[in-house]
Amino acid sequence: MNLGSLVWRELLERKAQMLTVAFGIILGITTLIAIRTISFYSEKAVARELDSLGANVLVLPKSVSLQDYYAADMHDEVIPEEYVMRLTMSDLQGVDNLSPKLCVPVTIADRKYSLTGILPKSEFQAKAAWAGAGIFSRPIGCGAIDMGDAPPEEDKKTLARKRVIKDLAADEILIGADVAARQKISEGDSLTLLGQVFTVVAVLPETGTVDDSRIFAHLHTVQDLSKSGEVVNCIEIVGCCKEIAAGLVEGVNTLLPDAKVVTVKQVVDTQITLNRMMERLSQIFLAIIVLVGGAGIANAISANVSERRREIGTLMALGAESWLIQRIFLSKALLLGLIGGGGGYVIGTILAVTLGPRLAGVPVMPMPGLALWALVISVGVALAASFIPAWRASQLDPVATFRET
Amino acid sequence: MLQRLPALTVVLWTVCLALSFGEPVRAAEARPNPWPTGSSPGLTALAKAAEQNRYAYVFFWKTEGEATQRKREVFDAALATLGDRADAISVCVAAPEEKPTVDAFKVSRAPMPLVLAIAPNGAVTKAWPLDFQAATAGEGIVSDGAASCMKALQGNKIVLVSVQNSMTSHAGEALEAAAGFLADPRFAQAAEGVVLDPADPAEATFLASLKVSPTTDKAITVLLAPPGNPVATFVGAVSTATIVAKVTDAKSGCCPDGKCGPGQCCPGGKCGPTQKSSAKGVSK
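Read top to bottom, the protein sequences are chains W and R. So that you can map any letter, position 128 of the first sequence is 128 in my numbering, and since no number is skipped, the others follow by simple counting. Add 1000 to the 1-based position in the second sequence for my numbering, that's all there is to it.
Extracted from the complex, chain R is given alone in its bound form (with noise of 0.2 Å):
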């Protein structure tokens, strides 16, 4: 019996997860195309490169002039490197068929030449406004948990990110408290959940990032508000409760960091005490 109990373990942590999270989201997992064709040239390229599952790299340019020159050159070049992970994208701000795109990334006003990287999910994972160099390029391109968040904090949503797999504790806890956040009305359109599996190579880098250990025993949730700040780190079990508390908390509280703030928050540069962290089992 004891010899079954990690194959049982696997199989109700994964049935946990189906239905903990209605619609979990999962690296790699199919998703609709976040562009419509036909409406410009561009989003018809961007359409295009998700479909293939690719990042497209968008050269956004106002005027042909000796520096966008110079800057496409190293854009060409860079994007030759990336071999068929990314699709290259010319856009011309100034064109009028290229309006839908402008618009969709807001950039009429961006400093130009600006490049952006975006994922197959339609999220922005680098942008070089001016300064494009070929060997910043890879940076664009990201593991899907990362470019899942991002698509989140960009739609300013908050993002719990549940990393755990069939070998770490509370596992089980921490997605039912996960659920019961997500689910719960006051936050449900503003909040989206990531499942992340902490042994996973692919995703080490922004692992490392959340500063989660690849090889952590228990499960971790991990809090993200926008742009992508980690509001907080749950280790192990918790609570549907205590997740509300730190987001409650972080909301109207000054100074979220334990760091007084200019302004609205804590003038003079004291905190009162009941403006601090309330929020129980949460280690930071």
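This is chain W alone, in the form it adopts within the complex (with noise of 0.2 Å):
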């Protein structure tokens, strides 16, 4: 009888104990993994969401609470659509660009998305010029100049990108990447939302955002075809970040007195929060698993040590030495160790992919890195925590343990 033999047998001699103690590791290990992940995956479209737009302000209802910026429009709260146009035509400067937005909630093939209308810059653009005779003494603004002659051809793919988009027909959408892969709807193809059919112009590139699943319609549309009347859930500004800190919000609060006005600083500043309430809640765990998982490997190993004394000296009367004698216990709390890791990482990694967008609101993918972390956790605390008992196990007197009995 080899090493590895002894240590197998002596695992499943006490199945119930080693079971629950696995299960403990798992269930801890499993946490720590989800949490992670989630936060990896949300921090990361956080940080491409603000690299790609820059300072950006949200005008929202009053009631709604922020928790997380890719489903800001995505509530039952609305505003009045006539505070685009009041912000259209007001003196403010620093206001690059207008996005409204109106969700709803639509049914394809049994699986719900969400369809959103957007309004075009053809909608209101001339109406920035109705800002009188002042306008010609305003400062350039701090996107691209709109010099007119826009090509022919807009491509109206740059909507995931740039938020706006110049043009788009009552009976047109534009299709997310995840939307379109599910359903396998292509540009060109006819689809019919709300007992209307549309024609899909486009097919949007993945963004790894919410977005992915929505299909957007022009607003007055969905607002008649959802009988929502002239309102909006969100209207999202693409703002200047020189006059958004010289107090373009300050002055959207004083134009739309009952919205709530946030800027993607105060977004990202709460998704920080939550990220790192989310690894703090990481580090707790990670502490309980230290505690309470070594706790049970300790108590596990010293019973065992204690049960197997008798066993314990026969093999040292043999002539085993100490080193194999704690090698036995080691190895023991080493698979175990292997498994909670093993396992933890893989039922966290499942938790975190099928759980996270609907928690996080973004698509979570498997983060092999972290396997390793885990193992090295987990193994780590079962080797720490069963190295006293393995050590106390290579020191018993045979002799003294044949008295005993």
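Think of the hints as simulated: they come from the structure by calculation, not from any bench. The hints are all genuine.
Far from chain R, some chain W residues (derived; all Cβ distances over 10 Å): (1) L12; (2) S114; (3) D224; (4) P366; (5) G380; (6) D397; (7) P398; (8) F402.
Below, computed lysine-lysine pairings styled on DSSO-like, alpha-carbon distance capped at 30 Å: (9) R/K1099 - W/K227; (10) R/K1062 - R/K1048; (11) R/K1106 - W/K227; (12) R/K1062 - W/K260; (13) W/K260 - R/K1106; (14) R/K1062 - W/K166; (15) W/K44 - W/K112; (16) W/K62 - R/K1106; (17) W/K62 - R/K1062; (18) R/K1099 - W/K166; (19) R/K1062 - W/K227; (20) W/K166 - R/K1106.
Don't be surprised by glycine CBs; every beta carbon is placed ideally from N, CA and C.
Dock the two chains into a complex; use the hints.
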């Protein structure tokens, strides 16, 4: 009988006890992996969005609590669409672009998606020049200047990046990458939503955000089909950084006192706070694993050593060295750690990938790098916790153990 | 001979102007009526005001309530102070017969009551959503030059404003450059030219907003982009190539004013050297 079979038989001898210990470790590692995976992709999505949008401002209904920037427009509260005109016709400086949105649920082949009404720029662009003669004294905005002669065929896919589209007919829709992939929809196809037939004019490139699961249509069409009235869920403002710092948000607040105005910086701060909370939570779980898992393993190995005193004594009397006795118990702990770490990583990853998009609103992918991390933690805790009982076992006097019987 | 030089310059300048701009946009020039008659009461009233070269102040409202009534009283009182310079027009956006008027201005979703000041050429010179005040009513009446620019800008066109007269130097070169730009097939449909006399007192306020001195001794060409951004100011001689370069640069560049913007332009707040203004001979 070699060391491997000795350890394996020892493990199987007390199945319930070993399963309980292994389950404790798996549970801890599962939670740790799930939290870290979701946090990672959430942070990544925020960083990507911030990088692509720059400074932005969101106008929301007062009662909406801002938990997640991506889902900021997915709520039942509304604000009047006329706010868009108020913003457009105001003398506020630093408003580079506006994107009002209204979301209503739609079902395609038993799957729910968000039909998002957006207002093309052509609907309100000219009104920016209604601000009177003072408009000529305004400083140039921060974005690219509209020189009138836009290319004849606008690439509607830029909506994913620019948040604003120039023109969109009442019967045209833009499809998010995820919707297109799942429903096998491509450009030029027809799709019936809320009783109206639409033509798919573009499939948007993947953004890694909730926009991938959206279908974009003209705001007024969505309002009519959903009978929502002349309202929107949110207005996204592409603002100039400098003007935001100089009080654009205060200006919008004064103009729209009945709405909540937040900057993406605030949103990001909220997200960062949430991520920090998740980080702390994962640290707490780490501590729990160390304490509970470690204590469980230490307890199990100690009990095991007590129960096996005679067998240990016999082995030592037959010439087994202290190091062999130590290796038996440490190997047992190592196996428990490997099972706990591996199982925890697999289950935690499955949970993160399936629950992550619902909890954080971002697509989550497995993180193979965390497997090593999970194994190191679980094996480390298991070995550390069983070191003293294993050392105590190796120090047993064979004669003394025989006398005990 | 030297004594006749100013008179000769005026003649040459006028001839050059007429030749350069096929249809020069000049202040108070006869223009076609921008509004159709008979399609709706509002548009008919607008057409009548334009025909008489008067401004029209349109009071758009949706429901007859206390707030609307109060604003209408303010509106009527303010229009009385403008005398025969402006006509008052009332349009109920909910009335089916006014649909053509509402569609013409796309104000069906605008905050009401809304007051628009409309120049005889059809340009909306000022909008007062919700808070029309008598004290600011006069701000809707602008100079002919400003109205011409606004009309083009609201049509999503870029505008080349040539500020010059017989006393300004490089007037010919500036006009030639502007004419060359306006004749360029890439910009012909999306650009308009407006000629202003810096010494015209009626245009003083507009010129001041463009930061052009009424006593300038050099011809000045200002490039305006929608909604009303002065993209570049060319002082003195300028070439068509320079104007084209500036327009191309502004269209493609991310930092038209040397400032970094969000999103698609300069993420991270750093402008690459190739993205900055590359037009030469541009003073801004």
